[in-house]
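Each chain, written out:
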Amino acid sequence: MSALTADAALIRLALVIAALLFSIGIAGFLSRRNMIVMFLCTELMFQGAALALIAFGKMHGDLSGQVFTIFILTVAAAEAALALGLVILLYRRRETLNSEVWSELKE
Amino acid sequence: MSAAWITILLPLLAAAVIAFAPSKMAKWIALAATGVVLAATLRLVVGFHDWGSGDFQSESEALRFLPEFGISLSLGYDSVALVMALLNAVLMPLCVLGSFSAIKDRQREYYAWFMVLHASLMLAFASRDAITFYVGYEFTLVPMVFLIAIWGGPERRAAATKYFLFTFFGSIFLLGSLLWLGAQMRESTGVWNFDLDAMIAYSQQLPADTQWWLFLFLGLGFAVKVPIFQLHTWLPLAHDQAPTGGSVILAGTLLKLGTYGLFRIALPAAPEGAVALAPLWAILCICAIVYASLICWVQRDVKRLVAYSSIGHLALCVLGLFAFNIIGAEGAVYYMVNHGLSTGAMFLCIGMIYERYHTKDMERLGGLARRMPVWAFFFGLFTFASLGLPGLNGFVGEFLCLMGTFIADAKSGVDNYPGVLGPNYAFIAASGLVLAAMYLLIMLGKMIWGPLREPHDDGHHQPSGLSVDLNWREIGILTPLAVLCLWLGLAPGFVLESLEPACTRMLAPFPAIVQAQHDAVAAAAAEAVASDTPAAELIITTAEASR
Amino acid sequence: MVKGSGLRYRTYAPILPPPRCPRTGGTVLVTPPMVPIELLAGGALGAAGLLLILLRGGHTVHRTGGAIAALGGLAILAGGAGLGAPTAGESGFSFPLLVALLAGVMSAAGAVRVISSPRPVLAAIFFVLVVVAGCMLYLTLGAEFLAFALVIVYAGAILITYMFVLMLAQQASGDSKSGAAEYDRNARDPIAAVFVGLVLFLSIATIMWKAVDSFDPATTGQIQRARAWIALGELPKGLREAVESVEPGATPEAGTLHVSAGEVSLQVTKADGSRGSVTLPESSLPHNTQTVGVALVKQFPVSLELAGVILLMAMLGAVVLARRQIEIGDAQKAELHARSHGGAA
Amino acid sequence: MTLSPITSMLPGTMLASSDVPAATIAPEFAWLGWALALPAISALACTLMALCKVKGKLPGWLTVASLGTCFVLILKAYQSMPEGPIVVPLAEWMSFSWGPSDFHSLQAALELYIDRLTIFWMLFVSGLGTLIALYATEYMEHDVKAGYARFFAGVSIFLFAMTALVMGGNLLLLYLGWEGVGLASYMLIGYFFTRPSAVAAAKKAFIVNRIGDLGLALGIFLTWRCYGTIEYSELFQIAGNPPRDGPWEEALIPYLLMLGAFGKSAQGPLYVWLPDAMEGPTPVSALIHAATMVTAGVFLIARCYPLFLLQPDALTVVAWIGGLTAFWAATIGMAQYDMKRVWAYSTISQLGYMFLGLGLGTTFGACFHTFTHAFFKACLFLTAGAVMHGFAGQLDIRKLSGLSKIPGFRMVSWFALLGALWLAAFPFSAAFFSKDEILSAGVGSDRADFQFLGWLGLFTAGLTAYYTFRVWFRAFAGPVHFEPGEEVHAHGEFHPHSPRWAMKLSIAIIGIGAVLAGYPAYEAMFLHKENWVQWMMAGSTAVGGAGVVEQAADHAAEASSGHQVLGMSAHAATSVAGSIFGIGGILIALYLHLIRRSAADSLRRAIQATPLIGWIPGAAENKWYVDEIYNAVFCVPLWVTGHVLHFIDKHILDAGVVDGIGSSPSLVGRVFRPLYGGVLQSYAVTMAGGVGLILAWLAYTWLRGGF
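The listed protein sequences derive, respectively, from chains A, W, V and B. Position 87 of the first sequence, counting from 1, maps to 87 under our numbering, and the rest follow consecutively. Just add 1000 to wherever you are in the second sequence, counting from 1, and you've got our numbering. Just add 2000 to wherever you are in the third sequence, counting from 1, and you've got our numbering. Just add 3000 to wherever you are in the fourth sequence, counting from 1, and you've got our numbering.
A portion of the hints provided could be inaccurate.
To be verified - If you want the ones that stay clear, here's a sample from chain B, every Cβ over 10 angstroms from chain V, calculated:
1. L3062
2. I3119
3. N3241
4. T3331
5. I3397
6. G3402
7. A3502
8. L3590
9. T3641
10. P3665
Stated by the list, open to error - For the chain V half of the interface with chain B, some residues (derived, Cβ under 10 angstroms), not all of them:
11. D2189
12. A2192
13. F2195
14. V2199
15. L2200
16. I2204
17. I2207
18. L2304
Honestly, the hints are just simulated from the structure, not real lab data. We put the beta carbon where it would ideally sit given N, CA and C, even for glycine.
Model the full structure from these sequences, guided by the hints.
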């Protein structure tokens, strides 16, 4: 019995930590201006999502959570590759990693 | 095709024609159109046969262009509407004439907008359907804003914006309450119907508290237009910045839309609310009278001075409306006409001066009686008309409004028209007589009397190519107004008689309501005093406070 | 004059609406959503700390104060989540929970440092910390395979890429010498950022928190075991070994695995060719890696393929992006040319 | 009714025995409407001429002709009018009716109410109007090119308004005339409109009058409230019936009417406009500000006397105001140097006597004094005008002396002497009798306050005699010496040009009129016939009203129950004391201003030297600083308030509240603008924030068991 309650506590902890990672990631993404760090922050958010998936998988006792986490890893890797390529590209253009110099979205 | 349609459609047609006519022709076309409209309106007056009954005399088949919403374009007049339409029709040609030399650039647009303004005003006065009334009432904004913003003074943009936003703000409440009323009617009767008489007849059945809110919003809508104290700040700026013709119509007819709306819609539609709120309105009006007069006293810009003065005058007019008795009501309507004539005429005079000297500053202008005696004569005449000199038109309306207020209380002489105001209100309001005399005579003293003062930059050579004193065109503009002022002052009988049935009809629901309120309060006071409950002290203290 | 008093009273009173007026403004009182107090307090405290840290980058006092606050908030959260167990039985405490607590705090703190450290390199390194802590959490959650996959993929691959990019960028622009760049030192409107983060955290965490309330350990455990057994059924080799360990020489008959609440049995043909049923012991329950593998290939093969395709695309894309940008100045060209010639000579 | 002269001297009996007879509708008198129409026509004509810049004296003669015709019409009416009052309906003006009873209608028609009081007033109004217009045709000749027509337009408007005021059949017509004469006096005071002082004076006159008019208007409202009518013919019949309205309303009526009267007749606190009104041309001063318009207040109270009799306290107030004003103005008049100003203050003072008479209940005395005063004061002003005309606007009695010795001014001087004697109430002059009427009522009264007022009046008579002859001895007697005023045109030697026939004629006629004005008194005195003026009063509203007899009786009784004063009848006592005071004043003036003029200056210096009263002469010359005080108490505060309100309106209400509300949207926009600067993260902020909010909402609904 105690183990089971321990399980519940564990899951809840993991979930909270997941939410925390995700939110901190968001906050970082919004507040940092270094493009590379911004992508790091997205990775943080991935972490949060993955953790949550695993925790829920544990909670419902099936594996699709973990499987999906694998895909997340994949996507993260791909994303890292592409994004960093882009970052290099952009950096070559403006000689800086400051994301604010790219304001062509302004209408 | 009845004359009523001509008064509305012809100006629109003229506007279209002017828009494509050569610029030289514009003013003449406008003049001709306004003249025809005036003739048509006179035709209406002649053909009007309902002087006896206050009912609307239908002038056209109802053109149901939105039958499923019960919105129909049906024209008709009672004597009040007819008088207002006539006032508008008289003022318009004079304004066009007055703009002949004042407007030099973009003449076609100017006169086209003027015609549109004309049409919308006529529509507002003639329509018997709430929505079409609102359309006319609201559409006056558009041409007026253009007139101010294009041909106005240095601050014209700000003035136009403020005017538009301010009045539009009011109109939203108006439209909202009208639609709400229509929706209520549909709930009860099952069909949409925006016919004014039907709406009024329905809304008089509503419970008192509903009527209270209804009148609050309707009244707010019209109060901005009048304008009522504290909602007035758009007026001086707009008047000051508008071109002469614009100011004349603004003062002469547009402001009257507010009072006319009170008379035509707000008061009859929510009598309970009107009675409940009358003291508030009356207090605001009294404040406006004193406030505006004192502000006029220190004005340097003569046009602003006249603008502020019309705030005070219309406050008196509204006071007469809220007396809820025949004297007050007729006085108010009569006062609308007189204010339109005399204030409009004063704006015309000021415009003539502005064309010559390009300033309205009373510190730089003065003693003009020496240089332009004819103008001085007219200006003095209209000034005395607007300060209510007996024998001139201003007096009749002013006197009747004050008297109506004076006798409007429970124990007044007008037994079958008890009111909720009374001497305490009239005494303060009457102080306006003295204050008006003060600022208007100060204005006269500065403008036409005293040693001659002319701005140095263009004092002697008239850049506008106008004669030193008024030319025949300008005399021709002012003379009819002067004659009307004199005639309406000496022989008001005809107009007053013709107004009486309509006013009686408007006032029909009031006496019972007011009497009921008096009885209720008296009973409450009696029993509260009898049993010394806290309520008794409340009443006593209120009485003390209010005494 | 009483009459007069009544009169004057009348003129003033009716300005107020009649008594029968509908009461306006009496809107229905809104019961606030029941966010767990731990979340509220911890979230708020942590957010405040984070804000302090971010607001004036590089300022020690703020950073330390903020760090303390953030840690406090973190402690509240973790403690509230981990120790305040839903069904607080005898003691909800266990060794994995302890590990998980440590790991959670580690990862969250690391995350904070990632987004707050002025030097990207440090940020990257702290991200490694986050990953490692996450790996520990996975372990406590019984996802061994993923735990190690995570470390390998992230720490091994992705982070290295980051490092390379950083080195490229940083060394190209001489930021590394003069501490951190301006755009690294001060964050852009951190208030909005932290606020948004807080809102998100509160809403997400609340939902999840409540979700755990519906967690029924017993049934979930059984389901998990059942699924594992079924997965074993999908593994011919593992099945054979399991049977071997019980009944040597017996071969299982396909598709006869029968999972019931009590025991797991399946038909086998013994060595002597006689058929019979065997009950499998707990020891032969397949472990996480096996089950995940089964899930991958049996349940989600298409997705697996797709993942591969994605990676391929990403690789191509990266190559394209990178290639386009390699432009060699004339000087370098000449140098290369000379060198080659020199080589020739 | 016939009264023996002695009882006729006692207003009490008059009041008690008389009554306002019911008016008869007499359309056959419609031709009297011309008395109203002719001045109006000539006013319009003169206005048109002014606008068309007609040169020549045509407007003047037109006015004289129309006014003369007016006078003839009045004479005709005087002969042919019946005993009782008549009402002559002319046209509709304002009429409402919304119910059965009186109180359901407001009737104000263009109609005339003719009784003897009306005729009496119209006689001297139109008569003097004609003569003074004649005088003006010559007096104003030097600006035939400038404002001649305008001047006569003003005069005609004045006569029209005055006629409406006096002959009008209801209070509203009276109000019309009331404001009309105000307009006329505004136009005429401001005649020399290039002079700022003239413009200021005109403005002041109109505004101060407007204050009075305010009272009058409210009084009219209240009258209607209480009695349901404002037409004399009905009003005085039902006055005294229990009013349909609360007690305070009815009690207030006479006080409000009184306010109007004080404004128009320059009494009490509202007298300040009259001295400044001397800025106008002299004929105007003579006609409007001495003879006729300023007596409108007296007429109003005499006309509405029944309403006053209902409130005896109101009459007491009138008496006090009148007596005090008489004294006050006399003190100021003693210290002025400008001839016309002295006459102006004497006018205020004499009007004070009239109001005193009204307050003491002897309307007869008041009207008699009005009558005599009209003549001799007009005579004085016209002579002053002749001097002004001859000496280029010079009126300072320090710069004029011995005019009676200058050829061409002898006749003027003697008529000035006549006027002065009359003003000083020299024994057996007309004014002596009329003033006697008033003062005896006070002196012989039982009430101490009335007695005090009587003696104060007698003392004031002495002051009057003094300052009158101060002027005459200074200006007309003594060695010849003069300086021309500022209006001198010709260079070199200045020759005073003497008045020609028109001026002399009108002066002469008016002077003779002044003499004849005393005739009724002589008649009553020696021939023991009824005083003609009293006969004119009798049967008019001026002597009482229906149903007020009993209230009136005791007031009148205590007003004058002719008991013994100083061992003789009140009348004899007053006459003796009056003559003593008058002659004494004249003798003092003779000594100080003719025999030893230096004595006056040394006396003045002596007074100024004495510590306690040293301030008096300067203060008196400065009119006791009343204007300054009014300025500081009323004008300045209002002016400041105006500026404050203007500031509030412009900068707080408009620029603050309105524009603040107007610019709120753009302020909100300014808050969110940075989010859309094109930087990726700012968009991300909005997006994430939106997602966060949606999530929060979802969580909220889910937790509340939603979905």
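Status of each hint after checking the structure:
no., hint, in the structure
1, L3062, "55 angstroms, holds"
2, I3119, "44 angstroms, holds"
3, N3241, "21 angstroms, holds"
4, T3331, "43 angstroms, holds"
5, I3397, "57 angstroms, holds"
6, G3402, "68 angstroms, holds"
7, A3502, "62 angstroms, holds"
8, L3590, "61 angstroms, holds"
9, T3641, "25 angstroms, holds"
10, P3665, "21 angstroms, holds"
11, D2189, "7 angstroms, holds"
12, A2192, "5 angstroms, holds"
13, F2195, "8 angstroms, holds"
14, V2199, "4 angstroms, holds"
15, L2200, "4 angstroms, holds"
16, I2204, "6 angstroms, holds"
17, I2207, "5 angstroms, holds"
18, L2304, "30 angstroms, violated"
When each numbered hint is compared with the structure, a violation occurs for hint 18 only.
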